[in-house]
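J.: Here are the chains, one letter per residue:
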Amino acid sequence: MGEHASYERLVFKNASVYHYMKIDLILESEDKRLNAAHFKQLIISALRDLYGEIGAAFPFDVLKFEEDTLTAVLRVYNSGLVKLWSALTLLGSYHSEPCAVRVTQVSPFLLALSGNSRELELD
Amino acid sequence: MAVFVDLNISHTVDKKRLQNIIETAAHLGYSTVAINHVVDLQQKKQEIGKPKCVSELFDQFPIVQGKSRPIKVLNRLTLVVSEASHFRPTNEFKSYDVVAVFPKTEKLFHAACMSFDVDIICIAVTEKQPFYFKRPPVNGAIDRGVFFEISYVPAIKDSTMRRYTISNSLSLMETCKGKNVIVSSGAEKPLELRGPYDIANLGLLFGLSEGDAKAAVSTNCRAVLLHGETRKTALGIIHTMKKIEPTAERREEEEAPVLKRARTEAV
Numbered sequence: 001m002g003e004h005a006s007y008e009r010l011v012f013k014n015a016s017v018y019h020y021m022k023i024d025l026i027l028e029s030e031d032k033r034l035n036a037a038h039f040k041q042l043i044i045s046a047l048r049d050l051y052g053e054i055g056a057a058f059p060f061d062v063l064k065f066e067e068d069t070l071t072a073v074l075r076v077y078n079s080g081l082v083k084l085w086s087a088l089t090l091l092g093s094y095h096s097e098p099c100a101v102r103v104t105q106v107s108p109f110l111l112a113l114s115g116n117s118r119e120l121e122l123d
Numbered sequence: 124m125a126v127f128v129d130l131n132i133s134h135t136v137d138k139k140r141l142q143n144i145i146e147t148a149a150h151l152g153y154s155t156v157a158i159n160h161v162v163d164l165q166q167k168k169q170e171i172g173k174p175k176c177v178s179e180l181f182d183q184f185p186i187v188q189g190k191s192r193p194i195k196v197l198n199r200l201t202l203v204v205s206e207a208s209h210f211r212p213t214n215e216f217k218s219y220d221v222v223a224v225f226p227k228t229e230k231l232f233h234a235a236c237m238s239f240d241v242d243i244i245c246i247a248v249t250e251k252q253p254f255y256f257k258r259p260p261v262n263g264a265i266d267r268g269v270f271f272e273i274s275y276v277p278a279i280k281d282s283t284m285r286r287y288t289i290s291n292s293l294s295l296m297e298t299c300k301g302k303n304v305i306v307s308s309g310a311e312k313p314l315e316l317r318g319p320y321d322i323a324n325l326g327l328l329f330g331l332s333e334g335d336a337k338a339a340v341s342t343n344c345r346a347v348l349l350h351g352e353t354r355k356t357a358l359g360i361i362h363t364m365k366k367i368e369p370t371a372e373r374r375e376e377e378e379a380p381v382l383k384r385a386r387t388e389a390v
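Order-wise, the sequence lines are chains A and B. Residue numbering for the first sequence follows the numbering used here, beginning at 1 and increasing consecutively. Residue numbering for the second sequence follows the numbering used here, beginning at 124 and increasing consecutively.
Honestly, the hints are just simulated from the structure, not real lab data. Virtual Cβ for every residue (Gly too), placed ideally from N, Cα, C.
Pair by pair, the computed Cβ-Cβ distance ranges are:
| hint | chain 1 | residue 1 | chain 2 | residue 2 | range |
| --- | --- | --- | --- | --- | --- |
| 1 | B | Asp266 | A | Asp24 | 39 to 47 Å |
| 2 | A | Asn35 | B | Ser290 | 31 to 39 Å |
| 3 | A | Ser114 | B | Gln142 | 28 to 36 Å |
| 4 | A | Lys32 | B | Arg140 | 17 to 25 Å |
| 5 | B | Val162 | A | Lys13 | 52 to 60 Å |
| 6 | B | Met237 | A | Ile44 | 42 to 50 Å |
| 7 | B | Glu333 | A | Lys32 | 29 to 37 Å |
| 8 | B | His362 | A | Thr104 | 35 to 43 Å |
In silico EDC-like pairs for lysine to aspartate or glutamate, Cα to Cα no more than 20 Å straight-line:
| hint | chain 1 | residue 1 | chain 2 | residue 2 |
| --- | --- | --- | --- | --- |
| 9 | B | Lys312 | A | Glu30 |
| 10 | B | Lys280 | A | Asp49 |
| 11 | B | Lys337 | B | Glu297 |
| 12 | B | Lys230 | B | Glu250 |
| 13 | A | Lys40 | A | Glu30 |
| 14 | A | Lys32 | B | Glu315 |
| 15 | B | Lys139 | A | Glu28 |
| 16 | B | Lys217 | B | Asp240 |
| 17 | B | Lys366 | B | Glu215 |
| 18 | B | Lys227 | B | Asp240 |
| 19 | B | Lys138 | B | Asp182 |
| 20 | B | Lys300 | B | Glu333 |
| 21 | B | Lys312 | A | Glu97 |
| 22 | B | Lys175 | B | Glu368 |
| 23 | B | Lys280 | A | Glu28 |
| 24 | B | Lys312 | B | Asp137 |
| 25 | B | Lys312 | A | Asp24 |
| 26 | B | Lys312 | A | Glu28 |
| 27 | A | Lys83 | B | Asp281 |
| 28 | B | Lys138 | B | Glu315 |
| 29 | A | Lys40 | A | Glu97 |
| 30 | A | Lys83 | B | Glu333 |
| 31 | B | Lys280 | A | Glu97 |
Bound-form chain B, shown alone:
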């Protein structure tokens, strides 16, 4: 059975609220969630910071309903780009599990589909799509294993946004035929989250078939995560990683020599 994934939980500095959202997601039956860090490259001097270690969030991660396993929390980066020169793959990407791009113009959409090294392309849901989805870039993205993302929270909040969400997704489905689509939340509050089966049903409204709609919250998301993992590897074959020690232990290690030094001095 496929597990359910929500790849878009908005990052907030408010740790309590973030914990609340993740607890709700676990209760609703999501096995994996990704915390989304948005960087708008239009504004100057935007730094892509390293994400916080997710293990700092909880001492013990909440148990997923019906799975008796703790929820998995990942980091995701979303870049909002309006000019091609803004998109520069950097080393910071490697500290994120998933990288998404939100292209503002048709030219960038084309570039994102055909060449950008990303996992997800976001589709506008808060405004009318400013360009048409053309067949060649969309097919190119499907061939490369890049997924299109529709987030549903704006549709819950506002009826105008709801119209945009549905019309934009319908026009996307016209070109991609329901392939390579994921549906995620973009939630900022626990009450904005919906259960995975609710979203599978909502997918029918977005023009997905029953099977595609369920895949949009389960198997397609898994494919995104695997695609994200290959970025850290050499062609998905060789993978090197540094051994990371938890910060608490490291601090102890740093302190230990000082103590030792003090003792030797005393002697």
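The following block holds chain A by itself, in its conformation from the complex:
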């Protein structure tokens, strides 16, 4: 029995308490404009539709929202990810007009959202 083990075992557990989602809102008519506040309101109402007042009351943030492309980055606690994602999936209309949310990427690391390997173009 050595007094000191000659190696050290490091286990990396996912240290991140958040998940980040990169999403894309698609509206049927493209002339509609909405800002970040409207966008968050839309997500909250989708959550409330699916989970009710209490189920929808978990924190999430819109880190970035681009008005011209309707792309957003969301941050949510791991425990709320399934709820938020399913609410986004079942979101089908905005002001009684069909819409869809395309989830481009989901990752526990914000840095991962900076690039998408599927859209990588190799010369």
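We have chain A already, so just place chain B on it with the hints.
T.: Here is chain B on its own, set in the frame of chain A:
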């Protein structure tokens, strides 16, 4: 890695819209889609027509995102049955890749699980399930390799339907324990489609485990397609097929003798 499949794209006569939906499906990452032809056998004189050849739809099929391979399009038949006498296996079935049945009563559900030669049994999502799922027929279906289908588009469209979809699927999961379930769209518009990973996440809401939910859009669908293929074969061992020539070429062949005849007459 398992490829993603959506076995329920509603058939429309509008070719443009159908193309649009299939393009969206390819963009979302589905490698295979099936165009669903619904025949309601309740109404009299319903004919099961032959499906259109899918190669007529596109000159060049759209490329699946992240796969660099074109999307595969299949034909699927769904029979809505309310009386046992309505279900008669015919030769028309063989021109479809997948055959599904939507039983309206408990007796038919039992028959569909135990004896009907189908690949998929549809579960009602637009109304409250009129009967309970009993253990023996569900187990029988699992043993025979028949799958249960839940379609998610009504859940997107309407909040009442959403309740029915979730409650019916939860009551199905109570009996089948997440085995032999597929989740498909039933989309009529491109905006109603959702990505495969979204659906895998949605499966958690339907009472599936994480693994089962992913299988519901990938490996289980593959099993359905293979089950459908065995119908065209003798016990899944021997397979005969006719050589099919594209219609354009055939027309040319028909024309050619006429031209030849004309020429010989002229001589």
